[in-house]
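J.: Chains as they are written, first to last, in our numbering: chain A, 1 to 389; chain B, 390 to 884.
Don't take each hint at face value.
What the hints assert, rightly or not - With a straight-line Cα cutoff of 30 Å, these simulated DSS-like cross-link-like pairs (lysine-lysine) come out: (1) B/723 / A/284; (2) A/40 / A/380; (3) B/556 / B/723; (4) A/11 / B/859; (5) B/556 / B/615; (6) B/723 / B/792; (7) A/40 / A/240; (8) B/464 / B/556; (9) B/520 / A/202; (10) A/145 / B/723; (11) A/380 / B/760; (12) B/792 / A/179; (13) A/179 / B/556; (14) A/240 / B/556; (15) B/520 / B/464; (16) A/284 / A/300; (17) B/792 / B/859; (18) A/202 / B/464; (19) A/221 / A/202; (20) A/380 / A/6; (21) A/179 / A/284; (22) A/202 / B/615; (23) B/723 / A/179; (24) A/145 / B/556; (25) B/859 / B/464; (26) A/145 / A/179; (27) A/300 / A/145; (28) A/6 / A/40; (29) A/300 / A/202; (30) B/658 / A/240; (31) B/859 / B/658; (32) B/654 / B/723; (33) A/145 / A/11; (34) A/240 / A/202; (35) B/792 / B/761; (36) B/658 / B/723; (37) A/202 / A/40; (38) B/792 / B/760; (39) A/380 / B/464.
Bear in mind the hints are in silico, worked out from the structure with no lab data behind them.
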Amino acid sequence: MAGTIKPRDAKELRQAVEWALNDGVTLDVRGQGSKLALGKPMICDQVLDVSGISGIVDYAPEELVVTLRAGTPIREVEALLAQRNQMLAFEPPDLGPLLGRETGQGTLVGAVMGNLAGPRRLSAGAARDHLLGFSGVNGRGEAFKSGGKVMKNVTGYDLSKLLAGSWGTLAVLDEVSVKVLPAPDQTRTLLLHGLSDEAAVKAMCAAMGSPYEVSGAACIKDRTALRLEGVAPSVEARLKGLRDLLAATGAPMEELGTLESRTFWRDVRDVAPLSSARDTVVWKISCPPTEGPAIVARIKAQRPSVEAFYDWSGGLIWLALPSNADADQAIVRGALGSTGGHATLIRGTDGVRARIPVFQPQPAALAALASRVKESFDPKGLFNPGRMG
Amino acid sequence: MQMPPLDPAILARRSEIVAALRALVPGEGVIDDLEGMRPYECDALSAYRQMPLVVVLPETVAQVSAILRYCQDNKVKVVPRGAGTSLSGGSMPVGDAILLGLGKFNRVLEIDYANRCARVQPGVTNLGISKAVEHEGFYYAPDPSSQIACSIGGNVAENSGGVHCLKYGLTTNNLLGIEMVLMTGEVVRLGGKHLDSEGYDLLGLMTGSEGLLGVVTEVTVRLLRKPSTARAVLLGFPTEAGAADCVAAVIASGIIPGGMEMMDKDAVKCAEAYVGAGYPMDAEGLLIVELDGPAVEVDYLVERVSGIARDRGATTVRVSHDEQERVLFWAGRKAAFPAVGQISPDYMCLDGSVPRGRLVEVLAEMRQMSKKHGLRVVNVFHAGDGNLHPLILFDANDPGELKRAEEFGADILRLCVRVGGVLTGEHGVGIEKRDLMGEQFTEIDLDQQMRVKCAFDPDHLLNPGKVFPKLRRCAELGRLVVHQNKIPFPDIPRF
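Just chain A, with the same shape it has in the complex (with noise of 0.2 Å):
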């Protein structure tokens, strides 16, 4: 069992990275370790624990920013800005049941390193979208920042946008600034009953497409979501013209409330629908909305069990599959076909994931430049080595 280092403020850090360096040890660097079930199981020397580098170190609501020590709970922070009716808009999910964890667990850096986001990902971004600056430390041992605390700012490379979805293999975090935006007022979603895959795609599409600014597009078996959320006049009239426009569908339809409504999305965001099984490994798709159908369609032909269901308008698949030597990789992946689409493996055994690739497998170009870029931050493959494999 590898030794934990952890750091208590950037200089400590910054101290751990430079003697991991000289040393010649590899980091497994964590902030609860919440997600430590999702990417390549890694082998390392030491563990870098930075929980304990937390805390809000500025919140201010006018400006849209929040600035925090990268250990910070997400749940802190998303019960700071609930104080001053504001949110992280890009809607982060909590994995854990799905990882067979507690819920509520996890920072928001965390959640940045995955570029995770939930089912608002279609109208305002991921996490990507939402970093606007942070200071670390490369795998030189170097502080280092990049970006800062204004909406816009086109100063030098966009190097938050490198680190969010890096899952922690270039750079150790200890601080970042977050945009934030206000929470909705109200939140209505209009229910459509017994729509086929592709009628269901093909409704999501068009409300998207539609001028009432849906900000959630999901489908569950049957049942196809659309989410309204703003001042109570706009979701009403809203709500009468996505009526009127899937009028034609001549689906049943349905209407929950704001707090049925945050219970439905809540599940979507979460993936609780394939939480519950736990003898399944979970993929996750994102392909082009209208092609979401014929790729499902592709597996079912050779896997009749899969369950699936849709976010994203179409454009992200979570299956769930029986658990088997390599998921399946062959066939969810061959799935894909030219669509450009990629899949990852969200859930698997340690033993699955060190067999087959969990992220989508780049062509050799694409991969010797990210490999070049990695290198340009961790020459010596300190941090997470493989984890993204």
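Since the structure of chain A is provided, determine the placement of chain B on it from the hints.
T.: Same frame as chain A, now just chain B:
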């Protein structure tokens, strides 16, 4: 502002390089005569100009790939160029570099309404995308003021913004994918019609990389449905502080307007004299707040914003009643730059970002600087996101004035950084702010950025002389001295 010295060895090989390019791009795609190259000698930062070594205008991705591979093999520098509308000198030519123009890549390749995206070549103009889809009620959201001329490839390079960024984001938030060519000639695709990248977000890195990492040959943008209604509110305040307070109060109340622009008294005067938009001449600070969405929502928000403004002492509250009036409210703001051009022989447009809460203090200090430098300054800005566009008025025919204007501009940008802001909000660093990068970043910060550059362009051939004040060789940047086991374990909790 100094550009790197020209390499005499490359200049001596000019005819050989031109001949090699002619073999790659047939016909009129290679321009090497002075008259033909003249239109390319500068971009929209026209105070600085230099003739390129030669201009090449490829038509296919294969040609771009062959040109870059040739340049890599022969260590010839390359400056990529879209429409040449950069305000920071991002596409300014360099005398010992090929100017690679993407103007012939001007086709819309595919419009996919169901997936709400368009696949276009990089030379298509920003407005051209919206024009191609407007009959179906769609548009492309980022709207830089040069949108009639600027190319989408240039927008990717600069991560361009516009007046609607607060609500709809910058270029980076509205891109789904690109195809690009590396210096090796390799063609890679990042993203596509789906969301989020499968590995590192290189698409996000490329956006705003100012042509230093690769040459974009195709762009997939997200399309949005046009809001069904838009109305503008004109708000005049007796003090700038009142206007700034109103901006903060609107946002704190949970409203994110489609656009929220501020103009100071001098800008209002210039604009009013130029287009007669009906602006209140007694206002020290003028806001134009645009609200868009379904009609009931817009009506509701117009009332709320008007109420907030009255509470903050607005002396003018006017709501546009029809599309014509809305356009008129904007006409003054949109004409602010040419309007200023009417009262001064030349002006320099700056582009810093500051936290909104520091706006009033920054304006006051800017006026002090104006006195110190003996040059007038007029202010228009994207108040919603704290992005300032101070216009410094000067006369380029007076040799001392350009230098004073540059110094004044540098002082303003240093001020932006000092109050917690940044050097550039949407125009890019280019050559204009290159030498100020040290104000915002440490040497380590800049070294890390240059190492990323080395991962794409190890010989620093792409867009030389831009962004980085001091370019260090990649071999030097990559050196790593490790004191094996010489550093004692620091005094940090461990278990």
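J.: If you check each hint against the structure, which ones fail?
T.: Of the numbered hints given earlier, those the structure breaks are 1, 7, 8, 10, 11, 12, 15, 18, 27, 30, 31 and 37, listed in rising order.
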